[in-house]
Structure formats: structure tokens, C-alpha cells
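Enquirer: Chains as they are written, first to last, in numbering that gives the first Met the number 0: chain A, 0 to 293; chain B, 0 to 321; chain C, 0 to 524.
By construction, these hints were calculated from the structure, which means they are not laboratory data.
Some hints could be false.
Each computed DSBU-like pair below joins lysine-lysine, with the alpha-carbon atoms no more than 30 Å apart [claimed, not checked]:
1. K100/C x K223/A
2. K256/B x K352/C
3. K256/B x K470/C
4. K223/A x K352/C
5. K256/B x K223/A
Being a predicted model, the structure only gives us computed values, none of them experimental.
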Amino acid sequence: MIAKIKGTSPSRLIFDIINFIVLTLVAMVTLYPFLYVLAASLSKDIFILQGKIGIIPMGFDLSAYKLVLGNKYIPIAYKNTIIYTVFGTIVNMLFTTFAAFALSRKRLPGKSFFMFLIAFTMLFSGGLIPEFMVVRNLGLLNTIWAMCIPSAISTMNLIILRTFFQNIPAELEEAALIDGANEILILFRVIIPVSIPAITTISLFYAVNHWNDFFDAMIYLSDKNKFPLQLLLRDIVIAGEVDELAGSGADVEIQVRESVKYSTIMIATIPIVCVYPFIQKYFVKGVMIGSIKG
Amino acid sequence: MSESSNELTVSQVKFKKIKGLISDVVKIIIKYKYLYIMLLPAVAYYVIFKYLPMYGLIISFKRFNPGLGVFRSPWVGFKYYEQFFKSIYFGRLLRNTLMINLYNLLFVFPAPIIFALLLNELRLSRYKKFIQTVSYLPHFISTVIIASMVFTFLNREYGLVNNIIYMLGGERIAFLNYSKYFWGIYTGMDLWKSTGWGSIIYLAAITSINPELYESAIVDGANRWRQIWHITLPGISSVIIIMLILRVGRLLSVGYKSIILLYNPLIYETADVINTFVYRRGLLNYEFSFATAVGLFQSVVGFILVVFSNKIARTFSETSLW
Amino acid sequence: MFSKSVGSRVVAVLMVMLLVLSFTGCVVQDKQQPPTQSDGTDTGSDISTLISPTRLKIRAWCPERIDAPINNELLVFKELIERTNIEFDWELAPTASEKEKFNLMMSTGDIPDIVFFGDSSIIPYAEAGLFEPLSGLIEEHAPNLKKYLIDDPAVRRATVFDDGEIYYVVRTSTALVGGGFMIREDWLDKLNLPLPVTLDEWYETMAAFKTGKINDNEVIWPFTGRWDIDDIKHFMGAWGLDFYWFTDNDQVKCGVYEPAAKEAITWIRKLYVDKMLDPDIFVNNASAWEARITNEISGWTRDSRGRADTLTVTLKQVNPDAQFIGIAPPTGPAGSMSFDKGEVTAGRSAAIKKGSKYKVELIKFLDYGYSEEGLNLHNFGIEGVTYSELTDKKVVFTDKIMGPDGVIPGAIMNFGMDRNIPFPYDSRLEMGYRGKGTLSVIEAQMPILRDEFPEGSIKYTDAERDEYNSKWLDMETYITEEVSKFVMGIEPMDKWDEFVQALNRMGIEDVLKIQDTAYKRFLSR
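So here's chain A without its partners, still in its complex pose (with noise of 0.2 Å):
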């Protein structure tokens, strides 16, 4: 580093250090956040109530923890959510990757109605019901499909993954074509190698999504058993902030409801977490763009 800094002129330095501290301010204000949970998570009620916690438990408590790992449904929850979520991820990447580099490629003729009639399904919906009863006609209330077909694709992402499909340089395509390759071999020689970054961030925004999901699983599952985390843990805390209203002896130990709001969410969270930084690797710059030549 000082190497570096050695080999730069003052203007260059000045902006460096002004960067640093602003993007550590940054990082600073989006972290407490989730310091706060965490602290509160591991605190007593009665300080989270009184607002005395900073970014250190107070009164460490792990009973919320407790109660909510101790829910019988937790271990299968867990299983759904990363079967939800890598299954999921497979059906929306296939759907979105195919149907991006088609709608990419300049000479499709008709490119411009498909992504009209696309783009148009942002801005109007149906509503609840009736994408509820379409699931349901097709037999697929309470499986595993319909925690991946209705929400294939998204339609954002199929536009942001095709936009990057566009901005590959022509030259890559046209050298292919020239060696008598059809459309398939295009795509799975020159656009995906290319393509990693765009490919993984796409990823990631669905495994996310499923990860997070709470409300299809509502409406489209019945069983318990089939239940993701998401599902189970808000209906943890709901259950907990309901007590007083049923009026009966079914309170969630009272000592807990705060803490646990905050339980839940830390361990919905860290496992998504602790995987990222595995992954960041993929967003490395398109080195491969130069590889593929001739």
C-alpha cells in the first residue's frame, strides 16, 4: 500500500482519502442497522422497550433465540427455504437466461411486441385472486411448483439481464456466426462465458428473493411441513404481538416478544450473510472478454 501511495500524484491521493471516508461513513450508517438487531436480539425486553439499546446488548438474554430455534417446524423450515431457494433459482435462471438472449439479439424479428407485451405486465396486474385461481386450476396449490413457476420470472431481471446480453460486442457474436454456429452454441460458448458478472448478480437477485419470500408461500402453501423460514418466523412474531388481544392464557412468554422480533430476522439473515462473501469472487471484471478471440 504505501507503494501505492508513493506512485500517485497529490490530487489523486487527496481524492483517495476523501473517498475512503466517505464510503467508510457509509459503510458505518448501513451497518448499525444490523448491529442494532443484533444487540437487541441478544437483550432483554425491558431495554429494547425503554429504548436503551445502542449497538450493545443489554441485560444478555439469548431466550429469544431459544424460543424461536426451539419451534419443532425451524429444521424443516430451513431445509424448504434453501430447497425453495436453489430449486427456484435453477427454474428462473433457465426461464430468464434462454428468453433474454433471444429477446438480445437485434435481427429477432418481433424482439420489439415480445418485450412490449413484457414490459406492459409490469405496470398491470390482475390482482391476488385471480393469479391464485390460475395456480390452483393447474393443480399446483401446495408443492414445490408453486413456490417456483408463478414467479419464474421476473420481469425486471429479464430486462437487466438482456440489456447486458445487448451490450456484448458484436464481433464476439459475428465471429461465431462465421464458424457456422447456430444460435444455441452462441449462447452457451460466447454470451455466458462472457457474461458471469451479469449472470451471477441475476442469480442473486432471485436466490435472494426466495430466500426473503414469505408471501407466496402463504397464500399458495397449507402445510407446515412445507413452510420456508420466512413463513414460520413471521408468524412467530406475529403470534407473539397478538397475545394480549385473544385475551387468553396462550401468551408468548412476554419476556421475549420484543427480543424475538429481532431473533428472527438474524437468523433468517446470517446464513445469507456468511454466503455472499463466498461468491463476491463472480463479480470479478470481465476477464474473460479477452480470452475469447479467434
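Keeping the supplied structure of chain A fixed, place chains B and C upon it in accordance with the hints.
Expert: The following block gives chains B and C in isolation, referenced to the frame of chain A:
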């Protein structure tokens, strides 16, 4: 009979034209067969899961009784639209919704781009990864909790913001009691939650730029700012344009969830948006219809805006939605 | 390098297969099992409560709390099956998504024979004829239901539809108090003050709390809440007014539109401006409100009855003397009035699918819950197991229910008592396990409970609803904003008359007329 023979010729010509058209289409399909096959799953998906359910939109023209279902509920025409447009608060709701979105376009839209550019300039790669990861964290924390935190920060007695003001010698302010602060507060909250995650897409776009372009620019003596201006920004311009067009389509929508948690009657003047107004309509029966009507109105306006911006994008750049 | 290989053909085929595969997911999934009919086993037929000679398995829909599962192994449920020979095949939905699941289930048209539900979502479906009209069935087969639901005019009026029919069986209750004012008893003791009664005494007590150096806090906001503006109705009762709709001699009125409202609002405004009320009282969310109380900045509030105990228990962690007790609303020119009477609404009710082949058995089953034996089972459980003593005045629970610190969380529900099957809720149940705080809140409100405007039970014609909606939605927002400004001292009180006139211009008289007509219809049921 000259007339009838003329007719025969006309329909014969039409028939030939249609035959020609069909064979042209078939030729096209065969020529691009792989691409169309790739498109097929997506098309089927959209038809089945997006277009089929669109019949639900007609409940905005009906007095929807869930017991009768969509098709047997009685028609009322534009009644709910009228109710909405005639409300004395219509102008205010429209204004608030638009203003919040305008602030959003001005601040929240560019922020991830700038953040991505700054991050890209950081050369300490480990620290860069750390900052990246940390910046995503608010995305995983539900809006409810974030709004709750904002609420607490702004508290007059013990909120962090007021504590800082007090330490700097100022007067404590109950921010959420005054209309004039709300748009800023909401924008700040949005920035906090979405900047990090939003920058992912731009970072991916930046890494997709051919590094040779940078190398030749450096050889040509370009400093960093010129590099950013002439290489990086144009390199990600297509992503920016697309995101902008999509954003414009949501100009008339502001979600109610986070506002509900922050607002109160004292600041309805600036905080009450279309969706919160509809939400307050709450538990009256038949609110499905009203909510759908308002939603359809928002969609139609958004659609017009998207068509319009798409045209502009087509005219001035190579990138457009369709 | 590239060749039109077999590979690309394979990929093409795979793509098409993918498309086909995704839609054959429907073929792969299990076909739904049809509900089983009676399995022909004959149970001991000398129990006279048996509804059917053979064990019947009937489909039932019910919301389920995540921490209190529903199944046929629960003690009370098992007992019910033994006594009646009716067994339910449960289709459960988490209470967290109860409303959505209910609407989705109804929209599919595949309705189970009996539906246990929690709120008024049932009403449009009943109006559309999807549920069985019950009065005939009750007359013929359900003498207990008749006694509680039809012969009691209040309950009947609340549940009957305008066509004169009953479509659901409600849970009735002898303890109708939803919530009330609560105050720190230890603060009163510390300052040697009695429970305030009149408006002036309330003001003075608040002032005493504020200046009396109760604790180390810099500032005391005596009274706090997380109120919507219409919650000031709890004070307005002293002038005989509700915030919005109420009835006076069977005439429908609107609180803020009445002449006495000016005086009421002026008094409340004084509380606010003199800093007796938490300045954020209309802004607070649940956390901010709890922070006020747990930091002992405030010692007086109004909330649902159970809070008196839950707040006390929480507070005891920071102050072992803390104790919330109930207090009646202030007495003013019109006396003291509590608007906390719970309405007889559709919560915890049951409805039978139209045309169900088990409708007779089901109505008999529900009837059993209202018999002496049945209601004891639902409320108290089984003698010797869940309770040891039951008199006219009280019940003594066993140590399966009551632990050293009070009721064991979840115990009552997990034995199957007080679940979603409707029954007459007996106040002895609550008295049996509730703490001092809750009981005192109930006690303080009971004598002065006033019938609220039956918002949930009134039915409107389509024309009425349209006019109501078109005028009222704007008016409600206007009232909310304006009254907030008056109460918080932002708008001077001499503008009040203009406010009333504005309401007049916006058409409040028309809305009052609609309410009145609908109410008269309600009364004549």
C-alpha cells in the same frame, strides 16, 4: 358480369396475400427457430401467469362481492374512479405522491450509481469487499424495523438526531409533527435502505466494461475523471437508461407500508399519498373495487409515462425498453 | 470449432422439455384425498350426548396460532369427540395470514362443511348465499343456541341479517369489557392521592404526577397513549359523546358534530397544552408508547385490559413496587361513560356451508357447546384434570394450568379450552387466571358500560353504502386532521364553529340520515 368477376379477383388476391404472409411468417419462424424456442417458456409463462389473471382488473368497474365472485358481481362503471377523482384530497394526494417520487428520482436514483463509481475507485480490495457487503445489509432488514428506527431517531427527547442537534447547541425538533420535513425524511430512509443493494447492478455493469478501453485511455493520458466520464459512464449508460425508464413507470406509486409507520394526521398535508388514502378506506366492504380502480389509474398513468420515455430513449440513444 | 453438433439438438429438445416439465408439475402432485365418510365404528352408545351413532369425520376450516396448535389430541377436543361422536378433519390456516387464507379459500368455492373464523370477513359471503341459514335448524335441533342467540334480543340483533336470518353462531360473553384506563397505583400511594373521579380531580392528579417528583426522570408526561385522534372519545364520554357515531334515545348522532363537543375538546386541549398529556400521544407507535411507560415517564394510559398485567409484570423488572390498576373514565356533565363494551361481533364464530349434508349434526354439535356440560368443558376443562373446584362465583385451576407465577403461558389453549369453537364465554374463566390489574380494569368499566354504535352489525343497502362512501371518506380525513389541530393547540378554539359548518357543507346531515335509517332497521330486527 364485370362486378362479380371483380369481386372474385379481389378475394383471390386477398387469399394469395394471406397465403404469402403465412408462408413468410413460417419462413421466419424456421430461420430463427432456436431463438423462438428459447422464447417459448417465457411467453407461456407470461400468458398463463400474467395475462390470464388480468381479468381481475374488471372488478374496478364492478361492485365486487367476494361471495359472488368476479363475474357475477354487478357492474357500476366508473363509479369508483369518480369517487376517487372527486375527493377533495385528490390534488393533494397526487402532489404528495409525485413529489416523493421526484425527490426519489433526484436523490435515490443516482445514489447507487455514484456509490458504485466511488467503490470502483477504491483500490484496497479487501476493504472494498467489506464495504460492499455491509452496504447490502439494510436490504435484509424489513421496512417495518427500518421505519421503526427512523421513528426512534427522530424522537424529540431521546432520538439520536435530536441529541446531536442539542449537542451542537440547537433546539430539539419533533420532526414528525411538521409537514415540511416529511419528504426529506422519507427520502433519507429510502436512501439508507436501498443504496447499497441498488449498486450491485451498476457494479456488475462496471466490471463488464472491457479493461482494454481503460488501458488505451491511460496511454492516451486521460486522468481518472476523464476515464469515468468517457468510458465508465457510457459503458453503463444502457443499464442506467433502462432503470430510469422503469423507474418513471412507478411515478404515481408510493408504497403505503413505510409511510403508515411514520405518519400521523398532523402531517397528512405532505405525507398522505394515494396508497395510504386507499389503505385508510380499510375495512368497508367492497373496498377491493375501490383499491383496484385507483391501482388501475396509477398503472395507466405509469404506462403512458413509460411509453413516452421509451420513445425519448429510442430517439436519443441506442437503448430502449422496446 | 463450432459444429452443428448433436449437442445443440439435444439442448433444443431439453428446452422444450423444460417447458413441458414445468406444467406437468400439476400431474406429479398428489390428488387431494376426498373427506372420509363415517368409518362405521360403533362407540359405546350409552352416552346420551352422542349426536351420531357412528363416528363422523367432518371437514372444518380453522385459524391456528403458531404457538397453540389445533388437533384432535387436545384434551377438550378429544373429550368432545368421545361425547358427541363428531370428529373434525382440520384444514388449518396460520392466524398471521387468516384473513387472506379465508378469502382465498372462499374464492375457490371448495368450502369445508363448517368454518370457524375470527372476523367479519364472513359477511359478504353469507350475503351471497354461501352459508346455511340457521334459524330453522336452531328452532328444531338446538335449544341451547336458541336460548343464547335468538331469545337474547341484544345478541340476536347483532347477528341477524336484514333478511331476518342468522348465518353464523357467535361466541357470547359475560365479560364484555375490552379495555379501559389504567393508572399506577404506587404513584397514587406515594403521593397520598385517592383515585380521581371528576374531570377536575383528573386534572389535579395529573398535575400532581407532573410536579410531585415521583422519580428521577427530568420530565414526566403523566398520561400517555398511542392514540388515533378518535381515541379521545374515552374522555369525551364525560360529556355523553363518542367521537363519531353514537345513539341518544335511539337517535343517531355524531360526537364531534354535537354542541357539547366544543366543551369536551376544550378540556382535552387544556390537558395537552398544559403538558399533562404526552406531546407525542397521537404520534406514538407501540414502541415509543412502551418506552414511555417502561422508563416511568408516564404512569397513566388507556389500553386493552390484559395490558394492565403485562405492563405491571414488565415494569416490576425496573421497579418492584409498580402496579397498574383500572380506573373509570372521568365523570363530567353527563356522568361517566365507558365505550369499551365489546360488541357482539363475528369474532370466534362458526358457520355451516350451504347444503352441507351434516348440517343437522353440526348444529347439534354447536348446540352442545352451549349446554351446561358443554360450556363447562370449553371454559374450564375437565374436573380433576384442569380444575379442582367450580362454584357459582369462581373456578380453581389445578397446577397443570396455574404455575407459581400465575397462569402457565399457553396452558389453557393447549388443553383445548377457549379455542375457536364458539361457546358462551364465562367470566369465571378469566377471573380464574387473570391478575389484579386486568380484573380491576374490568371492574372499573363494568358499571358504566355504554352500548356502542353497532358499526359491525349494521347493514346498508347498496344505495346507502354508495352515498356513505362518497361523502364519508373525505369527511373522515378532514375531521381527523382538524380535530388533531384543535386538540394540540395549533388551531384556536374560536374556529370550532367554522369546523362544524364545514362538516355541514360536506354533507354530514345526509350521512347522519343514512346511519339513522340503517340503525332503525337494525333495531327492528
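Enquirer: Checked against the structure, which of the hints given earlier come out wrong?
Expert: 2
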